[in-house]
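Protein sequences, first through last, are from chains A and B.
Counting in our numbering, the first sequence runs from 1 upward without gaps.
Counting in our numbering, the second sequence runs from 154 upward without gaps.
Derived by calculation from the structure, the hints in this document are not laboratory data.
Please read all numbers here as calculations on a predicted model, not as lab measurements.
Treat the hints with caution; some may be incorrect.
Pairwise CB distance ranges (calculated) [claimed, not checked]:
#1 B:S214 with A:M143: 24 to 30 Å
#2 A:D30 with B:T249: 41 to 47 Å
#3 B:A194 with A:N20: 39 to 45 Å
#4 A:K9 with B:A234: 52 to 58 Å
#5 B:K191 with A:D30: 35 to 41 Å
#6 A:D127 with B:P227: 29 to 35 Å
#7 A:T17 with B:P227: 21 to 27 Å
#8 B:A213 with A:P52: 41 to 47 Å
#9 B:K210 with A:E129: 37 to 43 Å
Just so it is clear, CB atoms sit at the ideal spot from N, CA and C, and this is done for glycine as well.
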Amino acid sequence: MAIPANASKLQNPVAETPENLRDARLHFADHCAICHANDGSGDTMMGRNLYPKPPDMRREDTQELADGELFWIIENGVRFTGMPAFGGAHGSEQDSWKLVRFIRHLPQLSDEERIEMERYNPKGPGDREEEQEENDFLGGAPMQQKPETTHHH
Amino acid sequence: METATRTKLFAFFAIAALLASAALAHGDKKHVIGTLEKINADSVVVKTAAGKSVEVKLVASTTYVSHAGNEDKPAKLSDLAVGDRVVIHATPKGETLEANEVKFSAPTSSAASVKPKG
């Protein structure tokens, strides 16, 4: 990675409030989790098949980076990897700083937070229909005999 | 653009597309849906609509979610009971399936209210 030396000196201007963390959590679920997974492990169909794979962001390799370095990566991407630049026209710096707060929170992500995030993960019409069928079944609808389903996640 | 350059570009994208589709084919997960027939320490057996008994391994990373009404809540293995309705998202590992998430609900009241005769 070619992060400029002065990036590590940047301070996060976004306060660590429950509202900011929730904004970032839902933003992450919608935009980042497809590769990084809701828990930051990178254990998704996209994450597992990227080369190089995204890091497990709960671990030291990511957590030991300075806030400014994480911000720089979100804004500028990582060259020769699947990580694009989300800065400039794609999003506000405020959102990136909120994401830095959320990345710091990943090692303590609770099950309640993860379940909430699942509702915000991008899904196609087929996935939504299937999720509805599964919830209907769990809610008491009769079990329908269908061929065994296999899905990309 | 010269023909040779165009051919090289086409070949590059064709190979990239082939590699991508091969990678995606290895990302499959299975959904096992049915009622819980048996609960072991490290696996569960699910009776599917087709009448098949499917064993799914439980691992340390398996998460449990209880579904009631329209709400999902975190749960644990000990909350599962034989007869529960389950939707398991699992990853095939060789000949076995490893559960990523076990979502379950108690049997519906109409089914639960059926008592054995006698």
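| query | What hints, given by number in increasing order, does this structure fail? | reply | 2, 6, 8 and 9
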